[in-house]
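Trainee: Build the full structure now, drawing on both the sequences and the hints.
Chains as they are written, first to last, in our numbering: chain A, 1 to 324; chain B, 1001 to 1077.
Some clues are possibly wrong.
[As the list claims (entries may be wrong)] 25 Å max Cα-Cα, derived BS3-like pairs, lysine-lysine: (1) A:226 <-> A:196; (2) A:226 <-> B:1073; (3) A:152 <-> A:32; (4) A:135 <-> B:1070; (5) B:1070 <-> A:152; (6) A:32 <-> B:1070; (7) A:178 <-> A:159; (8) B:1058 <-> A:3; (9) A:159 <-> B:1058; (10) A:152 <-> B:1073; (11) A:196 <-> A:152; (12) B:1070 <-> A:196; (13) A:106 <-> A:159; (14) B:1070 <-> A:3; (15) A:231 <-> B:1070; (16) A:3 <-> B:1073; (17) A:195 <-> B:1070; (18) A:159 <-> B:1070.
By construction, these hints were calculated from the structure, which means they are not laboratory data.
Just so it is clear, the structure is predicted and the values come from calculations on it, not from any experiment.
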Amino acid sequence: MNKVECQLCPRHCLIEEGGRGDCRVRTNVGGKLFSLVYGDPCTVHVDPIEKKPFFHVVPGSQAFSIATAGCNLHCRYCQNWQISQVPPEETRNMQMPPEDVVRHAKNNGCRSIAYTYSDPVVFYEYTYDTCALAKDQGLLNVLVTAAYIEQKPLRELCKVSHAIKVDLKGMTNTFYQKMSGATLQPVLDAIVTIKKSGVWLEICNLVVPTWNDSDQDLLTLIRWVKNNCGKDTPLHFSRFSPMYQLNDLPPTPLATLNRAWEMAKAEGMSFPYLGNIPEHPADNTYCPYDGKLIIGRRGYEVTENHIKDGKCEYCNNVIPGIWS
Amino acid sequence: MKKNNALFLALAGISVVLIGAIMADNITSMPGSYGEPAAVTAPPNTGDTRATEAVRQKFTRLGLVLHEGKYWKNADE
Chain A
1 MNKVECQLCP RHCLIEEGGR GDCRVRTNVG GKLFSLVYGD PCTVHVDPIE KKPFFHVVPG
61 SQAFSIATAG CNLHCRYCQN WQISQVPPEE TRNMQMPPED VVRHAKNNGC RSIAYTYSDP
121 VVFYEYTYDT CALAKDQGLL NVLVTAAYIE QKPLRELCKV SHAIKVDLKG MTNTFYQKMS
181 GATLQPVLDA IVTIKKSGVW LEICNLVVPT WNDSDQDLLT LIRWVKNNCG KDTPLHFSRF
241 SPMYQLNDLP PTPLATLNRA WEMAKAEGMS FPYLGNIPEH PADNTYCPYD GKLIIGRRGY
301 EVTENHIKDG KCEYCNNVIP GIWS
Chain B
1001 MKKNNALFLA LAGISVVLIG AIMADNITSM PGSYGEPAAV TAPPNTGDTR ATEAVRQKFT
1061 RLGLVLHEGK YWKNADE
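Mentor: This is the structure we're talking about:
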């Protein structure tokens, strides 16, 4: 029987007839590779775009969010493991071809479609086709991904995407191998490609106690983002909560997150944020020129917005992002 | 004598094949012919076809639909 080699992500799974890739959603039938999840999302929801988190993409708007089963990473702290770490026959799927996704997004008053929860890399064909259709019809496409993807498919996907938030989980290969069963370099390469493509980029790092919370870990990440993506790239440090296979760890201490926030500011990052901490000043956006609060947030709610035509209302300097 | 007969038969057989091939080419190249000959493919291996069909049916029973994937290659290449 003919084996196929999947070339979508760096795993390059060799799949025998009837077998599946590591992601559980790509299979070999008759010597050809097929997706098992096209048009069959298992999760569909309308979310505030701040939940992804995207803080510089149409604040206060709604994102029509979809995901299928499967994932090409196996993060031990995955909060969506019930859909990401199972094959599609174990999730309750609904039939929603790309045109229906776009129609529902519009009917629900959503400004964007978010490809999220699991990872849009593994439902690539569905993501791509829906993005292309949505873009043609004036909707924004925002992707939430670990970016464990080969360069060629990524470049094509960037052509139909407007914003991508990448989970940069750590800065060592050891971390990626032990925490997620993956490797670091393809993720870094992907982030650089996304930045060069002009797609709006935001980066999130989940700070996990004892795993990636040292000053060296945080500083290495901050400096890499600044040097490779620019100081104006929004950088979110998110609080870990005990989850899935890491129930024995405590939540990230507030002091650790405050330290990360201060370090990012000290290194010159314009838009550092903290996530999963209610009512923290790091939820807000401050103008990097005059220091004034320009977007206020309480949880996922936008309480005030002083950006007009993409500029700070006070000093009239351009604030990078997608504001309409 | 027998060797000569065998050689004659072999040559005759080869000639028949060659003439037939030339004629076939002429037919398909002639204006007004029915066009390109169908690509010649190896007859399907009965075992592989059954296995493939079994896999398809398995996914159907699971309620899963196959959609052609992108970014892959035959692993034997």
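Trainee: Against this structure, judge whether each hint is valid.
Mentor: Hint check:
Only pairs whose Cα atoms come within 25 Å are accepted, and residue 226 of chain A paired with residue 196 of chain A is accepted, the gap being roughly 14 Å. For the given pair, residue 226 of chain A sits about 37 Å from residue 1073 of chain B by alpha-carbon distance, which is inconsistent with the 25 Å threshold. As the CA atoms of residue 152 of chain A and residue 32 of chain A are separated by approximately 19 Å, the hinted pair is consistent with the 25 Å bound. For the hint linking residue 135 of chain A to residue 1070 of chain B, the alpha-carbon distance of about 20 Å falls within 25 Å, and the restraint holds.
As the CA atoms of residue 1070 of chain B and residue 152 of chain A are separated by approximately 11 Å, the hinted pair is consistent with the 25 Å bound. Simply put, residue 32 of chain A and residue 1070 of chain B have alpha-carbon atoms about 10 Å apart, close enough for the 25 Å limit, and the pair holds. Distance check on the hinted pair: residue 178 of chain A and residue 159 of chain A sit about 33 Å apart at the alpha-carbon level, beyond 25 Å; violated. A threshold of 25 Å between alpha carbons decides the hint, and for residue 1058 of chain B with residue 3 of chain A the separation of about 18 Å falls inside it, so the pair holds.
With a CA separation close to 36 Å, the supplied pair residue 159 of chain A and residue 1058 of chain B exceeds the 25 Å bound. As the CA atoms of residue 152 of chain A and residue 1073 of chain B are separated by approximately 14 Å, the hinted pair is consistent with the 25 Å bound. Of the pairs offered as hints, the one joining residue 196 of chain A and residue 152 of chain A holds, with about 14 Å between alpha carbons and a cut-off of 25 Å not exceeded. Distance hint between residue 1070 of chain B and residue 196 of chain A is fulfilled; the C-alpha atoms sit about 23 Å from each other, no more than 25 Å.
For the proposed pair residue 106 of chain A and residue 159 of chain A, the alpha carbon gap of about 22 Å is at most 25 Å, so the pair holds. Taken as a hint, the residue 1070 of chain B and residue 3 of chain A pair is honoured in the structure, with Cα atoms around 15 Å apart against an allowance of 25 Å. For the suggested pair residue 231 of chain A and residue 1070 of chain B, the alpha carbons sit about 35 Å apart, so the restraint of at most 25 Å is broken. At roughly 9 Å between alpha-carbon atoms, residue 3 of chain A and residue 1073 of chain B fall within 25 Å of each other, so this suggested pair holds.
Straight-line distance between C-alpha atoms of residue 195 of chain A and residue 1070 of chain B comes to about 24 Å, which keeps the hinted pair within the 25 Å bound. A hinted pair counts as satisfied when its Cα atoms are at most 25 Å apart, and residue 159 of chain A with residue 1070 of chain B qualifies at roughly 16 Å.
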